[in-house]
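Asks: Okay, here's what each chain looks like letter by letter:
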Amino acid sequence: MVLTLYGNSYSPCAKRVAQVLVEKQVPFKVVIIDFKKGEQKAASFVEKQPFGQVPLLDDDGYFIYESRAIARYIAEKYPDQGTPLIPKDLRARGLFEQALSIELNDFDAYISPPVHEVIFKPFLGLTPDREAFDQMVIQLEAKLDVYEKILSKQKYLAGDELTLADLFHLPYGVLLGPAGSNALDTPKRPNLSRWFKELVARPSWQAVKDEFKSMD
Amino acid sequence: MVLTLYGNPKASCTQRVATVMHEKQVPFKLVTIELSKGEHKAPDYLEKQPFGQIPVLDDDGYLIYETRAISRYIAEKYADQGTPLIPKDLKAKGHFEQAASVEQANYDAYAGKAVVEKVFKPMFGQTPDDAVVERLLTSLEASLDVYEKILSKQKYVAGNEITLVDIFHLPLLSLLPLTGRDVYSTRPNVEKWAKGLIDRPSFQSVKDGVRSTA
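Note that the protein sequences, when read in sequence, are chains L and G.
Counting from 1, position 169 in the first sequence corresponds to residue 169 in UniProt numbering; the numbering is continuous, with no gaps.
Counting from 1, position 41 in the second sequence corresponds to residue 41 in UniProt numbering; the numbering is continuous, with no gaps.
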């Protein structure tokens, strides 16, 4: 049975999973959960995703949620097809786990608030606070300075091979420019810019960035 | 060579890793990094941890940082000793990863910040922002309502066996009452689960301060 992914086109987290499915050459069908209609709060959906969030994966009756968990599950279930995304060696895997934790604690935690402030607040009928945005970007840039140091010594965040940890940066990363900051694309941080640009250019991201759609 | 953990005896993240070391029966030496003296920002420390945070693990020259990464590395390296903490089966592992992601996004994001604001800030002479604490605890309680549902059907967050993810919720589970909000008495399943974790010898060994065991 083809995998079914529940999400929508304005969910960065849904695109995070879609990209990994494409990278691993795994066909999938999508079911749109429309937030404007409150479909994420429907009893049938909450039964499978009790936090009422997207995305959610249905693998022939096995349900799993949280985009990074779904992505790992896919990468672990299909290790031998598409791009290898999880190292096998114990120490390399330790550095992979380190990179995943860095993405969550030192990137996502600092990029989500400014992106939310400018890009998502208007959807909720709220007015962005540009001064708050600027302050949040300053904090993000302090973390990106450390990324620059790391990426000056190695090609990717976990070492010299691409892993899931790199890909996880894309869905929010690509929204920073439209939000009004070039922090990910500035000559001040050439290695960071090189790394991010290359990730954006990957065919798997290009295939999913604009629309959340079935790819089977 | 004995594992060396760079951290601080009373710091939550150091205690989290140390709890896992105890669960896995792995001896370690603690090297204290004095945050009040800015030792975490010293150049030779930044060589080990470029974000200037604690803890860092040194396994015979192999350096790894980020609490949950260190914990996973230990649980994988010493899979066959102490308590099994990571499921092997693909689908069980998927639900383990789901719970791990929930722990960070829907629990720690609120609980961690609330404890820092309300409990730790005063220790450094700063005034908590009560409006911020209120918002964070309200979000946390919404998440704990879901935890209550989940834990009514299974013993631990990833299934019926204890995993690393349950342990990741410590030490915050023991610190939450200090925020002044009672999150437990209306959630019996969460309370039972939390108490069971707090009572584990591994956490009891570290809760008053991490010490070297080697």
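Hint data in this document are derived by calculation from the structure and do not stem from the laboratory.
As the structure is a prediction and not an experimental result, all values here were calculated from the model.
Glycine residues also receive a C-beta, built at the ideal position from the N, C-alpha and C atoms.
Treat the hints with care, since some could be wrong.
In silico lysine-lysine, PhoX-like type, Cα no more than 25 Å apart, as pairs [as the list claims (entries may be wrong)]:
id : chain 1 : residue 1 : chain 2 : residue 2
1  : G       : Lys91     : L       : Lys48
2  : G       : Lys41     : L       : Lys149
3  : G       : Lys113    : G       : Lys29
Beta-carbon label-pair distances, calculated as ranges [unchecked claim]:
id : chain 1 : residue 1 : chain 2 : residue 2 : range
4  : L       : Pro122    : G       : Asp60     : 25 to 35 Å
5  : L       : Ala132    : G       : Gln126    : 27 to 37 Å
6  : L       : Pro113    : G       : Lys149    : 37 to 47 Å
7  : L       : Asp160    : G       : Gln126    : 27 to 37 Å
8  : G       : Asp80     : L       : Ala43     : 42 to 52 Å
9  : G       : Glu134    : L       : Phe120    : 17 to 27 Å
10 : L       : Val2      : G       : Asp145    : 28 to 38 Å
11 : L       : Pro187    : G       : Gly209    : 38 to 48 Å
12 : L       : Phe120    : G       : Lys37     : 32 to 42 Å
13 : L       : Pro203    : G       : Glu34     : 30 to 40 Å
14 : L       : Asp160    : G       : Asp60     : 17 to 27 Å
15 : G       : Lys37     : L       : Ser44     : 48 to 58 Å
16 : L       : Leu124    : G       : Asp208    : 14 to 24 Å
17 : G       : Pro43     : L       : Ala132    : 28 to 38 Å
Some chain L residues close to chain G (C-beta under 8 Å, calculated; not the full set) [unchecked claim]:
id : residue
18 : Arg68
19 : Gly94
20 : Leu104
21 : Asn105
22 : Asp129
23 : Glu131
24 : Leu151
25 : Lys155
26 : Val174
27 : Lys188
Asks: Take the hints in turn and mark each one as holding or not.
Replies: To see whether the hints hold, each was checked on the structure:
For the given pair, Lys91/G sits about 15 Å from Lys48/L by alpha-carbon distance, which is consistent with the 25 Å threshold. The hinted pair formed by Lys41/G and Lys149/L meets the criterion: a straight-line CA distance of about 15 Å does not exceed 25 Å. Between Lys113/G and Lys29/G the CA atoms are separated by roughly 29 Å; this puts the pair beyond 25 Å, and the hint is violated. At about 53 Å, the beta-carbon gap between Pro122/L and Asp60/G misses the expected band of 25 to 35 Å.
Between Ala132/L and Gln126/G the C-beta distance comes to about 20 Å, which lies outside the given range of 27 to 37 Å. For Pro113/L and Lys149/G, the Cβ-Cβ distance of about 28 Å falls outside the hinted range of 37 to 47 Å, so the restraint is violated. Take Asp160/L and Gln126/G: their Cβ atoms lie about 42 Å apart, and the range 27 to 37 Å is violated. The hinted window of 42 to 52 Å between Asp80/G and Ala43/L holds, with their beta carbons roughly 44 Å apart.
The beta-carbon spacing between Glu134/G and Phe120/L, approximately 22 Å, falls within the hinted interval of 17 to 27 Å. Under the hint 28 to 38 Å, the C-beta atoms of Val2/L and Asp145/G, about 34 Å apart, fit the expected range. Take Pro187/L and Gly209/G: their Cβ atoms lie about 47 Å apart, and the range 38 to 48 Å holds. Take Phe120/L and Lys37/G: their Cβ atoms lie about 41 Å apart, and the range 32 to 42 Å holds.
In this structure the supplied range 30 to 40 Å is violated for Pro203/L paired with Glu34/G, their Cβ-Cβ distance being about 49 Å. Our hint of 17 to 27 Å for Asp160/L and Asp60/G holds, since their Cβ atoms are close to 22 Å apart. Between Lys37/G and Ser44/L, the C-beta spacing of about 56 Å keeps the proposed range 48 to 58 Å intact. At about 44 Å, the CB distance of Leu124/L to Asp208/G disagrees with the hint of 14 to 24 Å.
The given range of 28 to 38 Å is respected by Pro43/G and Ala132/L, whose C-beta atoms sit roughly 33 Å from each other. With a cut of 8 Å, the hint placing Arg68/L at the interface with chain G holds, because the nearest CB-to-CB distance is about 5 Å. The restraint placing Gly94/L at the interface with chain G holds, with a minimum CB-CB distance near 4 Å, inside the 8 Å limit. Restraint check, Leu104/L versus chain G: the minimum CB separation of about 6 Å is within 8 Å; hint holds.
This hint holds: Asn105/L has a C-beta 7 Å from the nearest C-beta of chain G, less than the 8 Å allowed. For the restraint placing Asp129/L at the interface with chain G, the shortest Cβ-Cβ distance is roughly 16 Å, beyond the 8 Å limit, so the hint is violated. A least Cβ separation of about 18 Å between Glu131/L and chain G goes past the 8 Å threshold, and the interface hint is therefore violated. For the restraint placing Leu151/L at the interface with chain G, the shortest Cβ-Cβ distance is roughly 11 Å, beyond the 8 Å limit, so the hint is violated.
Using the Cβ-Cβ criterion of 8 Å, the hint placing Lys155/L at the interface with chain G is not satisfied: the shortest such distance is roughly 17 Å. The closest approach between the C-beta of Val174/L and any C-beta of chain G is roughly 20 Å, which is over the 8 Å cut-off, so the hint fails. Given the 8 Å rule on beta carbons, the hint for Lys188/L is violated: about 17 Å separates it from the nearest Cβ of chain G.
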